[in-house]
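**Student:** Sequence:
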Amino acid sequence: MKACSLFAAGSFLALPLSVLSQLPPFSTASLAAYTPQVVPCSPHFSLVREASAASGHSLSSGEQAYIDARRKDALPGAFRSYVKNLISTGQDIPPTLKSIFYGARGASPSYGLALSGGAFRAGLFEAGAFTTFDGRNTTSNFAGFGGILQGAEYAAALSGGGWFITAFSQANMPTIPELVFGPTNPSADNQYGGFNIAFDVLTPFTNNTQNQGFIGGLILETTGKGSVGNPVGLADAFGISLARHFVNGTNAANLLDFDTALHGTGQLFSGIAKVPAFQSHNLPFPIVLSTLLSNHGNLNDSIPGEVVPLSNTKFEYNIFEFGSYDPSLGAFIPMENLGTVNKSSCVVGFDEIAFVLGSTGDIFPKVNASAALAPNNPTVLEFQASVAAFQQLHPQKNIRLDSALIPNAFEGRQGFTETKEEFLSLGDGGIDGANLPLQPLLVKARGVQAIIAIDVSSDTDDNFADGSAIIAEAKRAALFPGAYNFPRIPDTQAEFAAQNLTTHPTFFGCDEAQDIPMILYFANGGPPPGKPAITNASTSQLSFPDLGLVQAIIDQAGETVARGRPQNGEVRDGLFPVCVACALADRERSRLGLKRDAQCDVCFDRYCYRPGQYQSTSSSSSYTTVAHVDAALAATDSSPSMTEGFVKKYGPIVVGLLGANLLISCILLVVGVLLCIRKRVMPAKYTALE
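Mind the numbering: the sequence shown is residues -21 to -1, 1 to 669 in mature numbering (1 follows the signal peptide of the UniProt record, and there is no 0), read in order.
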């Protein structure tokens, strides 16, 4: 399987007749829409902006202007509404807290949201969190949480979280029911149609022949991009499919249509700047992460079992720029000119939202890392044969087909690991193990004082978070001394478990310096006591046909976020909304030189991680155990039986496409590999909430 990364995608200008005969009716409009164009650069065009530590990690002029306008135009009203909701709970709201949120002393708190990866599992849990924090939700307002979303300056995300925040942003900040299930009465073909979550991302048909045609159609949509000299990888085709679920232009009625609907092709990430919620400065500034796949990284910085070292550069896609604040690069280029490598010929149209979706969720490099899983399995051998055939049909050199490929505007930059590479090869934002996107919010120029971190990682055998992601983030920050300030957290998953830090919200950094952001950590560490486990789907589950279950997952996630740490048999901690406000405002309180209120002291005694003060306790959460797949699927990593789940579901499709195209085969194979390498057990059945 290692060959998956060694052979090129080619131009895909011709597919074998066996595949073409299975393609649905196809329009060239989407093919043209996904094709970047080359135009003359403006006379004063500047490609690379310096953003290194030496330059003070400066922000782009566009981002700075947006944040300034958001603070002036949107946040004052958002915070007034938020405080009103806090008061409605009947809890004692300290006067100092109210004055800070009102901006009575000239400034208000600055905080951001960090949304982890985890495919649809992450997206649905984060939908529940947003429901809790949304000031448009009357129930959340009465509970004292409504308005937290509207007050956030930033929203950083990766992988499944990146899919979620991208959909939320480009669809004009809809309510969560509209975001997930679509509007009740769609008014236009290009309107957002919801997650379309009943349809599998890769196999939406029940018929394998039709699924072959569907994937062939996805590949055809990349051919225009390849024909004008751009590299095309798995992330392109995968992203085009993801766009049917997270970009305007698709609904349940047209998802399978290749003939008339564009399904989001042609819609650009930089184009989110034209969305009304962005124009009015109401949208938290979205940042989506992808990780550099480099042959030049320091393997000593690797977490055992992960694909790339923690020190590999983290690239961010934001509305205005693409690049990284990591000391390994410290530079950006304009997002609207992604794909440009010089100052004379500017590329436009490369920053497709579909491409960003595929890039941040590109788990295909896992195939390379798992080559020893089942070397003698017939499906693997057949796949390797198709690799050899593809090499003969479409030879290209120095391209990683398993990645998101971008022409390297930073070629020749001193100190950058890819200084001699023609293309940047990017993968999933959490493929290094740092699956919680804190890094963009630690950039000092952004001035973020508090971070609401939603961790929906699959760390345990039953797909819950155990603290591994935030531990990896802390280790990564320590690799770049002086670049990022990180609060103290436990060093091990064992300490997280001993203190139950993933089964209730935890505040990190309560007693640290004001230049170290406080982290409000909300983990999907298990359901509320006595509730069934339904928020722990496998990362490889790419469809949820039961929409009632989808709603139940969102509801349970929202409850997990809102319940706090109940005392004395309570269902919810009534003080928790005030505690969240105390944490969000604490750095601003410190900056102003004000004493912490007694009410906030009570909160911090209850929720803050203070090394050495907790004692080990057993978990306070119990839940209904979900059923798991056959024991053979949970065997050791080297067991050939680990591909069994893939063979059952996707094998017939691969067999039908063998020798047709490496891209098709690789997409399908990876889904099977994921069943093995992403915690080799998954819920086979969920119990809906009553």
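Don't take every hint at face value.
[Unchecked claim] Simulated crosslink set (EDC-like; lysine to aspartate or glutamate; CA at most 16 Å straight-line):
#, residue 1, residue 2
1, K253, E549
2, K77, E491
3, K454, D490
4, K423, E538
5, K574, E491
6, K454, D576
7, K510, E538
8, K510, E474
9, K322, E390
[Stated by the list, open to error] Now the in silico label distances, taken between C-beta atoms and shown as ranges:
#, residue 1, residue 2, range
10, P460, P283, 16 to 26 Å
11, G591, D525, 42 to 52 Å
12, R589, S323, 23 to 33 Å
13, N464, A252, 26 to 36 Å
14, P460, G426, 13 to 23 Å
15, F121, Q493, 27 to 37 Å
16, G35, D490, 24 to 34 Å
No lab work stands behind these hints: they were computed from the structure.
Quick caveat, the model's predicted, so the values are computed rather than measured.
Glycine is no exception: its CB is placed at the ideal position from the N, C-alpha and C atoms.
**Student:** Of the numbered hints stated earlier in the document, which are not met by this structure?
**Tutor:** 1, 2, 3, 4, 6, 8, 12
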